[in-house]
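Going down the list, the sequences are from chains A and B.
Taken in order, the first sequence gives residues 1 to 254; the numbers are from the working numbering.
Taken in order, the second sequence gives residues 1 to 254; the numbers are from the working numbering.
Where hints are given, some of them may not hold.
Treat identical chains as interchangeable: a pair holds within one or across any two.
Stated by the list, open to error - Result set (DMTMM-like, lysine to aspartate or glutamate): computed pairs, CA atoms no more than 20 Å apart in a straight line: (1) K115 with E142; (2) K44 with D2; (3) K115 with E105; (4) K115 with E33; (5) K40 with E215; (6) K90 with D130.
Source of the hints: derived by calculation from the structure; they are not laboratory data.
This structure is a prediction, so every number in the text was calculated from the model and none was measured.
There are 2 protein chains.
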Amino acid sequence: MDRILMTIKYDGSGFFGWQRQEGVRTVQGTIEEALSMLFKKPIKIIGTSRTDRGVHALGQRAVFDIDELKIPISNLKRALNNALCAVTKKYGPQDVLIQEVELVEPVFHPRYDAKDKLYRYLIRNTREYDPFERLYSYHIAEHLDTDDMLVAAEMLEGTNDYASFQSAGGTPRESTVRTIYSIDIGRDNDEVEILIRGDGFLYNMVRIIVGTLVEVGLGKRKPDSVKEALLACDRCEAGHTAPAEGLYLVEITY
Amino acid sequence: MDRILMTIKYDGSGFFGWQRQEGVRTVQGTIEEALSMLFKKPIKIIGTSRTDRGVHALGQRAVFDIDELKIPISNLKRALNNALCAVTKKYGPQDVLIQEVELVEPVFHPRYDAKDKLYRYLIRNTREYDPFERLYSYHIAEHLDTDDMLVAAEMLEGTNDYASFQSAGGTPRESTVRTIYSIDIGRDNDEVEILIRGDGFLYNMVRIIVGTLVEVGLGKRKPDSVKEALLACDRCEAGHTAPAEGLYLVEITY
């Protein structure tokens, strides 16, 4: 049996999220349809992160198994993208792309073997609304104080119980302890970019962290309140959930 | 009677073009719906350019009339965008924005009084396909020689009969003579941008000019052949019609 690891880029705006669901268009469902077409039999994939509806990916990962790969691995990427192009055609130009394929050991697991994940959150911080950015960023008209946001962000780094930064409705997890290695915040003119690297994230965790930092940046809460929110282990103490559109799964490291 | 001129920005990917049509979502139809909601009676608009399905606008123009504007003109933009937000809501975040409103003379006509129009065409000239750019540019994997394209572009400037650069199916025009003031071509890494300014354009004229220049840039035709195509007054002598996605109506000057 050959196990193949894919690196996947997608614009999340045309999908109801990653996870296969009956009757709606999902990233997993679309890739499975393309693989099944290509190999002429039903093929299932296992992804690393179940990105929500509207969330984008620059480097999602997923694996699938095949009894014996009959085409050279070097040709697989192109064959798979051609199949994806055919499958996505009725929805418009191809909005999910296989960037890389590689053979991995049959014991390799895309989720359990992931060491860390990097998410990017993009905010457009300018008065004027831009229709072209509506599906790709979070528009905040009032000026964000990124210095205050950085102070608050540092309090969220490290190994902590992030129960306050978790939405109900996700897959139940045994523990709400995670490690955030770094939160970087940078401004480039109107764009504020937040990069969060961690060993794993609870349901909506990145978006709640961003929403909380935004409230700090707007002066609606003090940077110190973020530490208190963390210690409270109570969702009500953290800020709002930032919208899906601004979120990008950048990379997964094994 | 008050005549109001609007400057409009829209992402064309969610619309079946500018022109109102029964049963499909168009930019004109959407703005008319918002205006009718705001003023509580049916209001029609006259636009400058009937952009095709998938074509974007950074500075489209249109007018509407109202017996007497009862809110200050300074509040109209916000009121109209709020109405547009409500009208577009079921399709997602607002994809058409009123950027400016101004009172004009009742004799002002947005199309007949237009002196020149500027279009921008965006090409992504790089091997890797990018799902995020699929609705906003023309992807060409092979390298384009922009020097050759510029030589060809110069042959299309001036006052000419552009019958070769017109698709069938547009509004019949009395004359196919137009003036192109300038065609500029610039490269910024992977992006090739073509700016075309003229006093008016025939149906699909910008896209056929771009398609023809692309064929020159790929070495599929000589720069001189573009002059021949122009003189032939025959659509078959020009190149392919570049896709709508890369086209932006930038501004209209009165």
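Tell me, please, which holds for K115 and E142 at an alpha-carbon limit of 20 Å: within, between, both or neither?
Close neither inside one copy (37 Å) nor across copies (38 Å); limit 20 Å.
Between K44 and D2, at a C-alpha cutoff of 20 Å, which is it: within one copy, between copies, both, or neither?
within (14 Å within a copy, 62 Å between copies)
Cα distance capped at 20 Å. Does K40 pair with E215 within a copy, between copies, both, or neither?
neither (51 Å within a copy, 38 Å between copies)
At most 20 Å between CA atoms: does that hold for K115 and E105 within a copy, between copies, both, or neither?
within (17 Å within a copy, 66 Å between copies)
Is the C-alpha distance from K90 to D130 at most 20 Å within one copy, between copies, in both cases, or in neither?
between (27 Å within a copy, 18 Å between copies)
Are the CA atoms of K115 and E33 at most 20 Å apart within a copy, between copies, both, or neither?
neither (29 Å within a copy, 52 Å between copies)
Violated hints for the displayed structure, listed by number in ascending order: 1, 4, 5.
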